[in-house]
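A.B. asks: Spelled out, the chains give:
Number of protein chains: 2
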Amino acid sequence: MKKHNYSAGPCILPQEVFEKASQAILNFNNSGLSILEISHRSKDFVAVMEEARSLVLELLNLEGKGYQVLFLQGGASLEFLRVPYNLMKVEGKAAYLDTGTWANGAIKEAKSFGETVIVGSSKEENYNHIPKEYQIPSDANYFHCTSNNTIFGTQIKNFPKTNVPIVCDMSSDIFSRSLDFSNFDLIYAGAQKNIGPAGTTLIIVKEEILGKTNRNIPNILNYQQHITKESMYNTPPVFAVYTSLLTLQWLKKIGGISAIEKINETKANILYSEIDRNPLFTGVASKEDRSIMNATFVLKNPEHQELFDTMWKEAGISGINGHRSVGGYRASMYNALPIESVQVLVNVMKELENKI
Amino acid sequence: MKKHNYSAGPCILPQEVFEKASQAILNFNNSGLSILEISHRSKDFVAVMEEARSLVLELLNLEGKGYQVLFLQGGASLEFLRVPYNLMKVEGKAAYLDTGTWANGAIKEAKSFGETVIVGSSKEENYNHIPKEYQIPSDANYFHCTSNNTIFGTQIKNFPKTNVPIVCDMSSDIFSRSLDFSNFDLIYAGAQKNIGPAGTTLIIVKEEILGKTNRNIPNILNYQQHITKESMYNTPPVFAVYTSLLTLQWLKKIGGISAIEKINETKANILYSEIDRNPLFTGVASKEDRSIMNATFVLKNPEHQELFDTMWKEAGISGINGHRSVGGYRASMYNALPIESVQVLVNVMKELENKI
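Chains as they are written, first to last, in our numbering: chain S, 868 to 1223; chain Z, 868 to 1223.
Each hint can be trusted.
Since copy identity is lost for identical chains, a pair holds within one copy or between any two.
Calculated pairs, SDA-like style, for lysine to any residue (alpha carbon to alpha carbon, straight line, at most 25 Å): (1) K932 x K1028; (2) K1119 x N896; (3) K978 x G1078; (4) K1024 x K1129; (5) K1180 x R908; (6) K975 x T1080; (7) K1217 x G1183; (8) K910 x S889; (9) K975 x M1099; (10) K910 x E1181; (11) K932 x K1079; (12) K1129 x E930; (13) K870 x V913; (14) K869 x S889; (15) K960 x G987; (16) K956 x N1086; (17) K1096 x R1191; (18) K956 x N1083; (19) K978 x N1089; (20) K910 x S1192; (21) K1180 x N1168; (22) K870 x S909; (23) K870 x L1174; (24) K960 x S979; (25) K932 x M1099; (26) K887 x E917; (27) K1096 x D965; (28) K869 x V913; (29) K910 x E925.
For the record, the hints were derived by calculation from the structure and aren't laboratory data.
Next up, chain S with everything else stripped away, as it sits in the complex:
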């Protein structure tokens, strides 16, 4: 039985992506070679990389606006370091919004570089909301935020208006909703939610913000180096990039971000409505900041846990245990999760109510 996979990441990808990726491991593009054994310099793979980069700009409506796209290795956690290396001036400073575990990881790496101003934080409330009304110092080299907080189930709905370059970690909600992406100067995202399998990081950078730090940047951390080499400064993660291309092609085919956004909103509405309606459950995140990707909720009475856990497992659901720092449950509803899977979870919640 195919599972209803609510894993927070790595997470479900479209079934047709699994099938095409599986096939390409046996015979890629009818070449007689596996996608795992071809040179990254081969004509076929160069075409994959180019199409993936160009599809990113098309889907985000960023074509012809001075952005460069990279597919690198290292995860968002390596970008926590690359960002200050490339953007924080010697004796400069950066502004960070502290909305959770991953924002904190980014802050820690930035602090080893220079002055890191935390302009807002919801740490005291265990990150159950997004700080608002914060001020970004006008002399900051950049402002860094995390658009969606997987662990806590919060999501930034309104991004600040500022003249300071905006850097955004969109690992867990990129390609899920319509935004004016041209308001961002640098976007990065680990692939393992809406892009592809774990093992590559998507970086979209407005080229004009680079080269201004007077800092000595190691080659492997230098965005400009990777731009010049078209993401092949060193051997790229061929399979992860190929599978990301398959996922982007699927997204384009079903209608792009505006189409998936409607589906995502439908899924989120179905689940949050049940969380709010069902007397056994309560949501964790502030309503106005609820993520459409990750819904966090708890049972009001912990004694119901054993029965509920048995019931959702029997229904074929997997991956809805909450993160240890929040507890309870977390239902991650990334792009590829079908509406039917959400219906199954909601049915189990209703059945629990009927049984108790």
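Following the hints, position chain Z against chain S.
C.D. replies: Here is chain Z on its own, set in the frame of chain S:
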């Protein structure tokens, strides 16, 4: 028709690895989930990571000798940076052996940290041999070398005896030959030759050499951080690690390094014998330093190139064009390349001789 794949990397992997990897994308461990959609914290994947790390120590005969194994992202090029960050003291220095393009990449990153002494170089002879008789300063924090030079077809046969910790980039010949691996203090290797697909880097480090620099090391670059988190400081490249495990299991099954070494020597002997015998060809690298992984050779008469290229392509051979910095041909004979593929190439070389 299945190709005879001589690609320099990413390169051929065992056919059974392709088949198992392909299957795991549809249904991993009969879980009803794809290997691409499971959490890296799931019991099944934690078991994969643990078995992969333990098999590395077993195959290299390093069990119980104080070594830690990591599977990270970033490729060997990121290790060029991690190594000085973790091992070069503030005001310290490191010794490097310059044997080619990749050694040079490592040297460039080290230079941004501190004094980097090049103890030997064959650059003036286009890296056609391995420098010998070099001295390693006794006060160097470490000595760095590249065991096999993919582009130039040279390989270090005798490693220096020194009290300085030895760091070795074994990207293109790890698991191919018997060595006393306990002579090395840190070994790293991009997976995409003898380990698995592009997208993960294997690092084997003697834990006692860490923590001695007094340097502020960013978390993502800190080996100790990754050791503590058992390669899960951030999301690991799940599929690349799993496929690496499959390749290591295959290597163990066929008899480990001593068994594959005999096969590799047989393949190299067949090809080098023909290069030396056939009056149309000549080898590029000095005979005593010839790599058993990558054989570089040229046609004595460039006019024969068109015919030769047509002939090997017709025979189903791919990936033997030389790197642009050497020209001619490069036959990469990694662990998974069957002896029959070498025989096919040698037959084409003989046929060319007969035709001319």
